[in-house]
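J.: Here are the chains, one letter per residue:
Protein chains: 6
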Amino acid sequence: MTRVLLTGAGGNLGKVLRASLAGEFDMIRLSDVADMDPAGPREEVVQCDLGDAEAVLDLVEGCDAILHFGGMSVENTFETILNANIRGVYNIYEAARKHKVGRVVFASSNHAIGFHERETRLDATAEMRPDSMYGVSKGFGELVARYYFDKYGIETASIRIGSSFEKPRNRRMMATWLSFRDLSDLVKCVLRTDRVGYAVVYGASDNDETWWDNTLTGYLGWHPKDSSAQFADDPVLTSEVNDPNDPAVKFQGGAFASAGHFED
Amino acid sequence: MTRVLLTGAGGNLGKVLRASLAGEFDMIRLSDVADMDPAGPREEVVQCDLGDAEAVLDLVEGCDAILHFGGMSVENTFETILNANIRGVYNIYEAARKHKVGRVVFASSNHAIGFHERETRLDATAEMRPDSMYGVSKGFGELVARYYFDKYGIETASIRIGSSFEKPRNRRMMATWLSFRDLSDLVKCVLRTDRVGYAVVYGASDNDETWWDNTLTGYLGWHPKDSSAQFADDPVLTSEVNDPNDPAVKFQGGAFASAGHFED
Amino acid sequence: MTRVLLTGAGGNLGKVLRASLAGEFDMIRLSDVADMDPAGPREEVVQCDLGDAEAVLDLVEGCDAILHFGGMSVENTFETILNANIRGVYNIYEAARKHKVGRVVFASSNHAIGFHERETRLDATAEMRPDSMYGVSKGFGELVARYYFDKYGIETASIRIGSSFEKPRNRRMMATWLSFRDLSDLVKCVLRTDRVGYAVVYGASDNDETWWDNTLTGYLGWHPKDSSAQFADDPVLTSEVNDPNDPAVKFQGGAFASAGHFED
Amino acid sequence: MTRVLLTGAGGNLGKVLRASLAGEFDMIRLSDVADMDPAGPREEVVQCDLGDAEAVLDLVEGCDAILHFGGMSVENTFETILNANIRGVYNIYEAARKHKVGRVVFASSNHAIGFHERETRLDATAEMRPDSMYGVSKGFGELVARYYFDKYGIETASIRIGSSFEKPRNRRMMATWLSFRDLSDLVKCVLRTDRVGYAVVYGASDNDETWWDNTLTGYLGWHPKDSSAQFADDPVLTSEVNDPNDPAVKFQGGAFASAGHFED
Amino acid sequence: MTRVLLTGAGGNLGKVLRASLAGEFDMIRLSDVADMDPAGPREEVVQCDLGDAEAVLDLVEGCDAILHFGGMSVENTFETILNANIRGVYNIYEAARKHKVGRVVFASSNHAIGFHERETRLDATAEMRPDSMYGVSKGFGELVARYYFDKYGIETASIRIGSSFEKPRNRRMMATWLSFRDLSDLVKCVLRTDRVGYAVVYGASDNDETWWDNTLTGYLGWHPKDSSAQFADDPVLTSEVNDPNDPAVKFQGGAFASAGHFED
Amino acid sequence: MTRVLLTGAGGNLGKVLRASLAGEFDMIRLSDVADMDPAGPREEVVQCDLGDAEAVLDLVEGCDAILHFGGMSVENTFETILNANIRGVYNIYEAARKHKVGRVVFASSNHAIGFHERETRLDATAEMRPDSMYGVSKGFGELVARYYFDKYGIETASIRIGSSFEKPRNRRMMATWLSFRDLSDLVKCVLRTDRVGYAVVYGASDNDETWWDNTLTGYLGWHPKDSSAQFADDPVLTSEVNDPNDPAVKFQGGAFASAGHFED
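Residue numbers (UniProt numbering), protein chains in the order written: chain A, 1 to 264; chain B, 1 to 264; chain C, 1 to 264; chain D, 1 to 264; chain E, 1 to 264; chain F, 1 to 264.
No wet-lab data here; the hints were simulated from the structure. There may be inaccurate statements among the hints.
Note that the list lumps identical chains together, so a pair holds whenever it fits in one copy or between two copies.
[Claimed, not checked] Within a straight-line C-alpha distance of at most 16 angstroms, the following computed EDC-like cross-link-like pairs (lysine to aspartate or glutamate) qualify: (1) K225 / D208; (2) K15 / E75; (3) K15 / D64; (4) K98 / D58.
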């Protein structure tokens, strides 16, 4: 019997994955700090604060793989980020180590590399240049994942998610958009492949504009099927005119790169 | 109101662009040292010697973007190259600086890199290795464009055009052919994208044989739609047998690389 | 008149090429140490031990190009490898030099690079890391080919063949599979292109999982048309579960990398 | 007047720097969570827990540069690391931002890259591969420093300190040793140079065995003057025989890489 | 008999070379557009405008090697640059081609790469990023030199001279200083080595601060013997305090990078 | 007790090592196919044909490390090379595997990379481009060594020896010269270091002219102490004038690269 844990199951992408993965495994354990819809067939629902080490240890018990989509997904105060994303990711990997979970999908973010200029092509070896403390926390999660692979052999695919929404919401997302289908396919590829090792994957659909290069993780066999080009006629997207010297245009992280400090 | 200047409008590619860009902008200003067809709707026609700094200053006034396709497009005497391509490109950028034009498409050429061997894959970072004084002058234009971006923020896409004709004329062009449609699409991509910075793009269609790699400018969103493969059954092209040790075959610049000095 | 020599014509891939190349040239000379089917139209059949220098010299006489698919294609005792693959490849190139043959297709193998980890993306510049003495012998062949190009100008494309069978036989081959059609197309591309120089090409179809990158040999114009994805529903392939830490999974060479020494 | 803050002034390296920097600046503010020797001339002593944001804000006020040597310098429980190194480094940079401090020297560690193999040459672009949660926390600090430079222009030199002791204590330290003099010189170079930007420097003396390459930060002008070779006759060091397959020998982090999890 | 031509013999570096090369060759031909001291033993003095093709053709006749130090060595009006540096360098290479001169030392400049940031380490493969039209003209000269090597086999070492003065004049020159002795040694190395090919060398002494890397031209055998460190106690240099965000500090070209357009 | 085997002990470099290593180990076993001087203290002398697998198996028994300097050291007929260098190196590694020898120093040669141009800087990752069948056989030896490390964990340092003579014999050797002392030091470094892994080292002294870069093997701690500069006044070396287009000058392998086929 195979049981997969999905954290952040009550969030936007968590809901997408809950739906798209329904029935794929013997059992999926759904977790969030917030309320979730009740368990359906082959589902378990467990409410859990990722900052609580003991609760996370219980949460992970009996699972074969973890889809770690929990935590804060935008900028916030440092203490909020610290508990949800820093303590959270450590607790997940410690629990994985103790319960011998072999594979993790970690929802990292393009904001871990958001201060690269748009003209800079990035692949998995690019230096991390976070654009926010949120981005720093995602970088921290990647370092933890790298460490648990090197020392304990726990495989991780860190997905630097671009902009995963129903559709692009602005010009920048024409380049960064990740369709829900492509996200789900990527998660499935990581779970099904023979060997993941430690992988860094950029989460973007097959858009016309591309900043990121997944050539180095071709062994995962993921090929996005969607493209933002299907929205090219949307007047909201095509009428947008942007200043090339605006930091939100110059840097890959967009508005995260131009925003000032998040005040409490 | 948006006004775009097209230099070299009376040349082969200038005519192609004049036709394919018709109606795309509020106004297109067409310029050449030679005669041109009279202005159509939303067109202005201005005869101008690019080597004449004052004339170029007048020419550029009131324009928002420049498509610089003017100058000599094959080898010639040094003084001819000097006036048309070296003085010419300087005059264009000086006028752009003074009139605060933000973006230029510069028609560079594969002859700026024509002394690389065919087996060498080139991307935007490849060393320039011109195969002619014409190629040197195109390299000079790229340096000027790079300089005006670094110092004055004028964005340029330098297109190292392969062989842009109705159809390939010999075996080499099976690799270097750039269809008129793909050229026009590329120009439009550069004009429409949020940010160009300083970009070097190889101008070739999606041919089966490829020497050049545009991965680094994926952020421009250009994807050629044509391929020389559609001419693969042309007996002229398929019956051609070439000596692999002929410099015109060994080097990417073809006959430019094997030609001797251009005598006055 | 063009005559092409095919060695190893009685082997699995030799038979595939014999069939797919039928009628492509004025004459094809078929050779093997074992028995072969009798010659058809525009075919010659010559039995030959590749370890016999004089016999090979006779074999190559009058040929314009060589498809060298002969020799051992799996691990064996050193002396067997020595005669068939090491002496064999030397005899072929010496004969090519003496008879002024201009171009060779050398059937190398992924086992010349089999000790790279699966997560390592390889292109033509990758260090050779053989996974067997068979793999070492293929590396030797590549060095000989490189040498005869550098010193004598004989062009070679060394094809590091993945797994060329009717269909994939296990999970690993979903990444390494090379269809017979794609193999044949590749051989034809090498024979028809203007200039080959010395090229290293990975022989895999357009599979979803990819470990190898042929970008650097884009000038050959080869584009595989098949994909192992067509076999994705095969229960034999999809039900296979592999340990990511098994050397046969961890290293690209598969079972060759995990096998012990070949005992006489 | 120039005031420099030194955190971790009560630790081993803090004491070294306190002594070697005595009199170099108008004022040096010394801080530690533990007791320190009383202030001498041009010294201020301030006890401070780096995990206390308000206290750190006060600590940094009035300083022109920060030498951040505080925090845990070996593996410990996660909550200890979290407070001292993660909260600590964030508090330092936030205080620097609010008080407009322009330059920081951050005492990072070779344990941020300790899971690279010894045969792998590292420069400033090497992927971070921490060998411990301590190493992860140092990687976190580097990400914070990178972020505060990209967004707020605060310059940092992150020094990945090897083994800074009076003398090497084992064979490994023949490669990783950093003399106290070389450490002090490096700190001075960073403080005196016109421009630091964001720099990653490996902290090792000019030893015979070298794993790390500081070529990319040659603009800092630092040249170590000492070498572990002066201890080559030490029988303790020369009689040590190590198993090349021991993880503590195979990986650059030494015993940190071979140690198991730090239990509370 | 060996005759070497030195252009720009009346300029600062020309005078240095005239003195240091005295007696090294059978004959040295000294040329400048300005007056020069009368010829000494084994010297010839020829006044010549480099923009005059016929005069240059006469000038080069009978020479075995050329040290091309003539032309403008700072920013000026475009037409001045055009005549002295662009026409000038072309005339020199055309004359070299016609008179079969085998080797040239070309005095290029760090201003051909002056818009790289100080933190960027450059070697011979670095993209040219000129900081002035003067820098563009030096880049043009390098392209001409590359072209004449690729097509006509004329060898050139392009020296990207840093700051060659009696002693450093400001903080920046602590990194860019090239002593007269080191310059002379470099010129001699290029003249004496068996094979130069086309080489790009950075002209800086063995200073503590280094931005440039000559590893790739180690085959020339040049090792600078001086260092700006000998001037480290000069109060003019050590008391200078610079803003790291000043473009003249941020970019390698110094004040050339921060200067506006050169007005006529 | 430590016993080291030295093959090729009767050859030029074998004699050098026999002398310089005298007394370094408990026992050194000296082997050659030719006669050798009788054994001195802590020496054993064993005559052996490296092409004889059983004899080599006996030879290696009881040894802890192997210095493999035996075989042909210049071009010869293929069958001679085959027996001495190809069979020879295989027999050595097979014996090492069976007798659990942990470390080998393999005397490879610059002729394994001799067809690189002189202007090409090489490090350990350079493509092998042999200049002779002798060079091919050295490349074969490197592949065998790489394979036995990857599969069986036997560590090897492959030394690509330049020109190891009493003193340089021609201009080329000013760049390629390896003093006997530096060779001996290198061998000792490899034997004494904690971990070698699989290493490729270029064997040249600290000459002024350098083509090769050992940065990647800095972990071995080898620093050559001699330089060919001490012979710079030798009139034989300084009066030599060479044509830069002679293949023996253009390519690193020197006369090996320009020589034709070795006829029986």
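J.: State for each hint whether it applies.
T.: Each hint tested on the structure:
With identical chains, the CA atoms of K225 and D208 are at most 16 angstroms apart both within one copy (12 angstroms) and between copies (12 angstroms). Neither within a single protomer nor between protomers do K15 and E75 lie at most 16 angstroms apart by alpha-carbon distance, with minima of 21 angstroms and 38 angstroms respectively. Within a single copy, K15 and D64 get their C-alpha atoms no closer than 20 angstroms, and across copies no closer than 46 angstroms, so neither meets the 16 angstroms cut-off. Taking the shortest Cα distances, K98 and D58 sit within 16 angstroms of each other inside one copy (11 angstroms), while across copies they are farther apart (41 angstroms).
Hints 2 and 3 from the list above are not met by this structure, while the remaining hints are.
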